[in-house]
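**Q** Please construct the entire structure, taking both the sequences and the accompanying hints into account.
So the sequence lines, in the order shown, correspond to chains A and B. First residue of the first sequence? That's 9 in my numbering, and the numbers climb one at a time after it. First residue of the second sequence? That's 497 in my numbering, and the numbers climb one at a time after it.
Among the hints, a few may not be true.
[Said to hold, decoys possible] Cross-link-like lysine to aspartate or glutamate pairs, in silico, DMTMM-like; alpha carbons within 25 Å at most:
1) B:Lys847 x B:Glu575
2) A:Lys64 x B:Glu575
3) B:Lys710 x B:Asp935
4) A:Lys61 x B:Asp935
5) B:Lys818 x B:Glu765
6) A:Lys53 x B:Asp935
7) B:Lys850 x A:Asp63
8) A:Lys64 x B:Glu663
9) A:Lys57 x B:Asp935
For the record, the hints were derived by calculation from the structure and aren't laboratory data. All of these numbers come straight from a predicted model, not from anything done at the bench.
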Amino acid sequence: MIWLKKILNFYFEGFKNMTVGRTLWTIILIKLFILFVIFRIFFFKDYLKTNFKTDKERSNHVIEQLTH
Amino acid sequence: MFEHVDFSLVNWSRAQFALTAIYHWLFVPLTLGLSFIIAFMESIYIKTGNEEWKRITKFWMTLFGINFAIGVATGIILEFEFGTNWSNYSWFVGDIFGAPLAIEGIMAFFMESTFIAIMFFGWNKVSKKFHLLSTWLTAVGANLSALWILVANGWMQNPVGMWFNPEMARNEMVNFWEVLFSPSAISKFTHTTSSGFVLASLFVVGVSSWYLLKKREIVLAKKSILIASVFGIISSVYLITTGDYSAKTLSKTQPMKIAAAEGLYVGSEKAPLLAFGILTKTTDDEILTDSKKFILRIEVPFEGFLSFMANGHSNSFVPGIKDLVEGNPKYNILSYYEKAERGYFAQQVLKEFKDIKDKESPEYKSMLARFSDKDFLENYLKYFGYGTFYDKDEVRMKMKILKIIPNIPLTFYAFHLMVMLGFLFLLIFSLFLYLILKDKIENKGWRWLLRLGILSIPLAYIASESGWIVAEVGRQPWVVQDMMTTLTAVTKINSSSVKITFFLFACTFTILLIAEIRILAKQISKGATESK
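**A** Set out below in structure tokens:
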């Protein structure tokens, strides 16, 4: 437990004493929000998972796309 | 096939992926190289106990941190795109792509996040040696993270170690080590990471040159140039060596890429290497004719240098675009027409297999066995992707086959630009090292070199991105070499949605890039004394 406390304290102190890092963390958090919330949910749905129920259907669809 | 393809969709999907990859690659190489430069600097600090080295280490560490923070997770978008825009591809490559990416994710999380925290927060909190170890492990971890994505890319350039499962229409890894140690994966990893080392060295030289021009941070600048120019020279030599290995690998796995990069329309023995050239505008109809292809061409004055680079023998034959398309029986080169017929046959076998409903029938079992039959694998399935270009009508097929040739001018110019800049960088590092050792770097007569040092930062990025253009444009139309084309890999969605995300990415990444440049510039302008 002492070790865990030490590790947590290490990170806490580190973040607290950051100067440039604060701006960077703000950028990181905004970026992650844009990537994982806005882009991922609204624009990047997994096409095969969304449009087909089973792996068999997915593989049949891909074979149709691959062959002519 | 071609009649049903929405080329606008394919082009926008490609543009979107290229945009994302190019932006992502603006951040990565600096991380790969700067992490090692910092590790060298800190090692000297620990060895000498000189506080000046600690100050220098911390300064570059701050710049490293800015680049790392802005760049982190930009690559994740590529993975989003696989599932949405390249779903056929994602399915087709199966766990071969998934496994290395998963390892990359775990490695990046555990190694980088843990040791980067110690690197930044651990000064005076952990022992000096443990701090140094963390810095080294951050550098090694960052480069090992790159290994896995480059292994996946190497597999796309040269698919090995897998079995195509016709029931699932996907490739399954059967030999992890063959995938990991394939010559393509090795050349991809070594050449790409060493290009990052060169870029980071130029970054350090460039920023230090700016300080010297401004007559600020003189000690920091001189010591940094010493480290960066030595690392730059070693990395440049290594980069050239790995480039040579890459050429030898490509000659076996992607000869069309070499032909396009060198503008080699007709192959020959004792093939010369072009130092530089200006191509004429060649239409599709003229590519395979004897029309004039160059306005200007300057050859390296060593006979058979391209043959030597490609095959290790200056007398050997290097196939040109014409030989690859039309075939060359003398050198056992199968024509693209023949490959298209064989690929088409393999596609029909897969199609027939899919239509058999009874899995217990002898017909089903016999068809399944074909996908493990050596003759079928080596002579038909190997050319599966070429079947996309097959047409019963000879004239139409000739037109389609021309689509297997990549964009020659783009590949050619990107390749030569990359090579020329690579050699220029070696010269720049050598000059900087000489002047630092002779303590003449501040002499008025060498101010032009300091300006060139600053200019070398954008040039390094241009060279680095050019390398990726050669690698990725030069292998078109393949996403998986000979097996799957860009046309079949793309998801058939509305092209307008791809356009929207293209511009969304362009805006997001441009904002991130501007943020990075502004924060970096601000820190550099503050100098080592003020920055923390």
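**Q** Please verify whether B:Lys710 and B:Asp935 have alpha carbons no more than 25 Å apart.
**A** holds, 17 Å
**Q** When you check the alpha-carbon spacing of A:Lys64 and B:Glu575, does it fall within 25 Å?
**A** holds, 23 Å
**Q** For the pair we were handed, B:Lys850 and A:Asp63, check the Cα-Cα distance against 25 Å.
**A** Holds - the C-alpha atoms of A:Asp63 and B:Lys850 are around 13 Å apart, at most 25 Å.
**Q** Is the straight-line distance between the alpha-carbon of A:Lys64 and that of B:Glu663 25 Å or less?
**A** holds, 8 Å
**Q** Would the pair A:Lys53 and B:Asp935 pass a check requiring their Cα atoms to be no farther apart than 25 Å?
**A** Given that 25 Å is the threshold and the Cα spacing comes to 59 Å, the pair is violated.
**Q** Between A:Lys61 and B:Asp935, does the CA-CA distance stay at or below 25 Å?
**A** violated, 70 Å
**Q** Holds or violated: B:Lys818 and B:Glu765, Cα atoms, limit 25 Å.
**A** Holds, at about 14 Å.
**Q** Take the C-alpha atoms of B:Lys847 and B:Glu575, compute the straight-line distance between them, and say whether it is at most 25 Å.
**A** Violated: B:Lys847 and B:Glu575 sit about 29 Å apart, past 25 Å.
**Q** Are the Cα atoms of A:Lys57 and B:Asp935 separated by 25 Å or less?
**A** violated, 64 Å
Violation of the numbered hints given earlier is confined to hints 1, 4, 6, 9; the remaining hints are satisfied by the structure.
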